[in-house]
Amino acid sequence: MVQTVPRKRIEILVDTPLVPRIVGKLKAVDISGWSLIHVDSGGGRAGEWQHDDVTGASAKTIVLAIASDTNTARLIDAIAPLLDSYGMLLTVGDVQVVRGERF
Amino acid sequence: MVQTVPRKRIEILVDTPLVPRIVGKLKAVDISGWSLIHVDSGGGRAGEWQHDDVTGASAKTIVLAIASDTNTARLIDAIAPLLDSYGMLLTVGDVQVVRGERF
Amino acid sequence: MVQTVPRKRIEILVDTPLVPRIVGKLKAVDISGWSLIHVDSGGGRAGEWQHDDVTGASAKTIVLAIASDTNTARLIDAIAPLLDSYGMLLTVGDVQVVRGERF
Amino acid sequence: MIADTLTSPVILFFVLGFVAAALKSDLTIPEAFAKAMSIYLMAAIGLKGGVEVSKSGITPEIMVAAAAGLALSFLLPVLAFALLRGIGKLSKVDAGAVAAHYGSVSVVTFVTAIELLTGEGLSPAGYMVAVLALMETPAIITGLMLARRGESAEGERNTTPWHEVLTNASVMLLVGSFVIGAIAGSDGFASVKPLFDTGFRGVLCLFLLDMGLIAARRLMQSRKMTLRLVFLAILLPLVNGTIGTIVGTVIGLDIASAAALGILAASASYIAVPAAMRLALPQADPGIYLSMSLGVSFPFNIIFGISIFAALAQALG
Amino acid sequence: MIADTLTSPVILFFVLGFVAAALKSDLTIPEAFAKAMSIYLMAAIGLKGGVEVSKSGITPEIMVAAAAGLALSFLLPVLAFALLRGIGKLSKVDAGAVAAHYGSVSVVTFVTAIELLTGEGLSPAGYMVAVLALMETPAIITGLMLARRGESAEGERNTTPWHEVLTNASVMLLVGSFVIGAIAGSDGFASVKPLFDTGFRGVLCLFLLDMGLIAARRLMQSRKMTLRLVFLAILLPLVNGTIGTIVGTVIGLDIASAAALGILAASASYIAVPAAMRLALPQADPGIYLSMSLGVSFPFNIIFGISIFAALAQALG
Amino acid sequence: MIADTLTSPVILFFVLGFVAAALKSDLTIPEAFAKAMSIYLMAAIGLKGGVEVSKSGITPEIMVAAAAGLALSFLLPVLAFALLRGIGKLSKVDAGAVAAHYGSVSVVTFVTAIELLTGEGLSPAGYMVAVLALMETPAIITGLMLARRGESAEGERNTTPWHEVLTNASVMLLVGSFVIGAIAGSDGFASVKPLFDTGFRGVLCLFLLDMGLIAARRLMQSRKMTLRLVFLAILLPLVNGTIGTIVGTVIGLDIASAAALGILAASASYIAVPAAMRLALPQADPGIYLSMSLGVSFPFNIIFGISIFAALAQALG
Ligand SMILES: Nc1ncnc2c1ncn2[C@@H]1O[C@H](COP(=O)(O)O)[C@@H](O)[C@H]1O
Ligand SMILES: Nc1ncnc2c1ncn2[C@@H]1O[C@H](COP(=O)(O)O)[C@@H](O)[C@H]1O
Ligand SMILES: Nc1ncnc2c1ncn2[C@@H]1O[C@H](COP(=O)(O)O)[C@@H](O)[C@H]1O
Ligand code: NA
Ligand code: NA
Ligand code: NA
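Chains as they are written, first to last, in the working numbering: chain C, 1 to 103; chain X, 104 to 206; chain D, 207 to 309; chain Y, 310 to 626; chain G, 627 to 943; chain E, 944 to 1260.
Chain C with its partners taken away, still in its complex shape (with noise of 0.2 angstroms):
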């Protein structure tokens, strides 16, 4: 059977405006790619949101990226402090990934 390697899976739902903010972080920290998921609405404590209300201030994005644990840690310190303010939430699953090398 081919080769897989552990790696971690991070997404990260942000407002899109942020969206170029967040993937700088990700190239700060050697993270070398990352996707951008279209979501299409979704609701929380603030309230209901629309992707196609106009204003893209509202709209929000899933910013996907497969990386090492090492480097997966380094995103986490780098982004915590900004979690708050800029309404984002965070989470990091456990992946097999084929040809991970590069990753």
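Hints listed in this document are in silico derivations from the structure and should not be mistaken for laboratory results.
All C-beta atoms, glycine included, are put in the ideal place defined by N, C-alpha and C.
Be careful, since some hints might not be right.
[To be verified] Across the chosen pairs, the derived CB separations fall in these ranges: (1) X/Gly127 to C/Pro20: 33 to 41 angstroms; (2) C/Pro20 to E/Val1007: 48 to 56 angstroms; (3) C/Asp84 to Y/Ser495: 52 to 60 angstroms; (4) D/Arg305 to C/Pro20: 39 to 47 angstroms; (5) Y/Leu625 to E/Val1007: 51 to 59 angstroms; (6) E/Ala1025 to G/Leu696: 57 to 65 angstroms; (7) D/Gly253 to C/Asp84: 32 to 40 angstroms.
Got chain C; can you put chains X, D, Y, G and E with the ligands on it based on the hints?
Frame of chain C; chains X, D, Y, G and E with the ligands shown alone:
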């Protein structure tokens, strides 16, 4: 290092017209938030579907919710009876959440 | 409490034009269904891309499939040789599936 | 008329879409563009209908046509249900769901009919837009009653989604722009006419291109269609359309409006009713009702039905 | 004018959207369609403004109007800030963020005003488009200064996102098509006029339909609006609009352009400024500034504000 | 002509997009809107071409032009391949992939050329749309053959995606609407002309705005462009366009059609061919072929190429 807490990552793939019902169930079991992820198309035993086929009735959406173990168990119990007739797909995974006390 | 079964959650990030090929592989190893998640943009070693750049050729899509361990292993073996030339990213995680006997 | 129909760009674009999908071309119309076009088409016919009614006022003829439309939408599902159970061998739940679709209407079929009829010098009355809006929902009630007859209320009982049905997008948009047209009148309409009138037929071409793609893909991807169901998806428009045209003639509508009523009766919903059924009858199989209404009846009505009921109305009128 | 306003299709579509959302209808306008319409509207008014200025050339009057617009955008937030702190009881950060919105402008309010005023025979000068573009950003600077006054630079200091603010989409598009219109002139514009001129009012109807939906949903989903804030979201347009109209009259603008300057001052941003605030003041609550500008002030300006400042300009002029 | 070109709104919007992206503005055109516009543009030119051919019938001249187009598309990649290997230092696989792009065509470049040429009183013949459609695919075959020459069939051999190539969206849409135009003729076209003719140039402006954004972003985000490749992305259009214009003149086309053939030869695909290459040659680097065709050759052709080959055709004709 920043503190993380273990939580459940619940993914429910469901017909788009039924999403409000699922969100109702989430609220009923005190899950505080949810996000809807855009699914473009898919296929299964009942054939294939595309999001862009005018009749919204065949589109599907992923309801993503991060929740505590207790709330997750309550949600599963609440939703399980509907799984067949609604044609849903419900998965639960483990994640670490940063500053996750509020979930 | 409702019964759940352990399954694999497979995520394949791949160039949109190649999705039909991946779906063909899924069918070939008897994975019963799949869903395509919309990715808006991303970045990696080869630079950045956006979904909205007229030429569909640089867009990427996530193929999501829930499958049994056996089928997952067969899929990985079938897809691994393509990983490099196709520029794919393949991750596998563990999830619990409700009423998952059919996967 | 059928020859004119088949060389009209509107129909030819539908055929192009159908052929492209049958050849498995990757041609697709972005969802947002298709929705934009359908919003445009509904706003445009609503406005135009309202402007016309602002001229005539609410006449007894309008009331009669409205009553006829309501009655048809309430009653046609009963006949359809019988045929779907008898010939189609469908379960009660599936037969009820399908019957609701055929009692309700398809906005695009109606719009296409208006364009083609008007091209033949047969303009249906403006108030038919209001009849269209009225016919969208009653069939849902009848269909649900038929599907649930004798059903004991066990488990999580799915109640009728009244709210969703009464405020559904196309009813709001049609009724709303009809009212706006009636308030604004010809003068108020003049300033928006370049968009809503001049471009109409061209937009309809592109929209039918998409509908051709969708209808053909639906047919090819469906795993639920039996020959019996295909047969019924042609029989029901014929039966319903004939009834509708006769009713229209009997209540004294002009030829064009009687034909339009026939086409409304013949057409089957594929947006509002499926959404309602998914909520109220989740156990009914969408593969059946969508394939029948969208995959078979829609193309049949566009290509043949419109001409058939126009001819029938002329023969009767 | 208010009676004409209320029977104009443009406003009636806005009302339709508002009512549909209030009834919780599932009517929605696809995001891509809404963005497409707003790009179209901005390109169209930019072009038309530029073509007009290509005829008149850059006159002293234009320079004065531009200076007045800049000054208003810089200074109006100061007054707003005081009212938001005093009456609204907002924190310094929230008050600064909201003040920036009210100093800046709403393109759609401006476009709707142009249409309604022109319908009354009151066409504002073409260069007001340039004034619109100039007024978008200065308020952001003032708002940020007010929010941060006395703040010690602790933790991750959020710097002013100069680059994002100066190159934001609507500024680029308005200024760009203004310049294109000025270069192309009437002759160059002739070839694209069918799209950018003829269809304009109809597109505005559909866009305001969407804005009605969005404004009402925003109001209903908000959990942050207090009566005080609703009151302020009506008071601020009245105060700012009055100041703007007076300034316009005093500096010698024609009646229509003075009214337009009043409406610019009254209008509140809901695209460019929220995006900038999210970056520069992430701790400010979007629930407050979006609900005020989009949920209350926008509808107020569209339905009442335009008529009010038109009447004021006529009274003063 | 170049002076007219540079003050045409069509080109100025392209420049605006390019500048906005270069300034890293957040201005973007929603994907669905861009696709909608490209569907509209293709349907419109297909229809117009078909209507014209419905008047002239299929003449020997058309057959000759079609044959010339096919031959160019088949053969131009051979020369391009040599230059890409020699000057560009590309691998065989990358050179074959790039060569296929330059043998094929860009619909938008063609459409822009038609508009600009027509503005100068030089209308290419209607059948050139058919030539455009014919030139899309042959280059793919040649490019793949060149890339695979001498390659041993090891591993998972990637076969030519015949089906995808032959039924690709733009071929279906161009050929389909061409046929519809030919069937409907002038009379049938009249009813849809307001949409497909009147609005055309305005839509092209907005579409080129998007293309400007995309071309500049592609250039800036690319990490694969060397000076040699930039040079080739300008040389290849010049060489191919000169050959195309000469061939057009030699086979006896009128000046405008010869210029159009030159522009088709000069233009490089960035939709159909990249998709085919991704499937058939996944190991070729999309960063190279997209940056060359979309980032360099497309802007070059739009701004300079069209004028150059128009001048050349006039000099030769
Ligand atoms: N438990 C959750 N699971 C998934 N998404 C959430 C959750 N809580 C919040 N969200 C998302 O985050 C947004 C803001 O949440 P809140 O700050 O609680 O209003 C919501 O609108 C959702 O899109
Ligand atoms: N570590 C990662 N996490 C998430 N997505 C990634 C990652 N690396 C690459 N990607 C995605 O894969 C695409 C191609 O990556 P690359 O081949 O490194 O340029 C990127 O543009 C991203 O969309
Ligand atoms: N194993 C699976 N993994 C991911 N998505 C699935 C899977 N099975 C089904 N789906 C999704 O659920 C939809 C309905 O599945 P089915 O009921 O099997 O036709 C499919 O069209 C897919 O979008
Ligand atoms: Na019917
Ligand atoms: Na203002
Ligand atoms: Na070429």
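Violations among the numbered hints, reported as their numbers in ascending order: none
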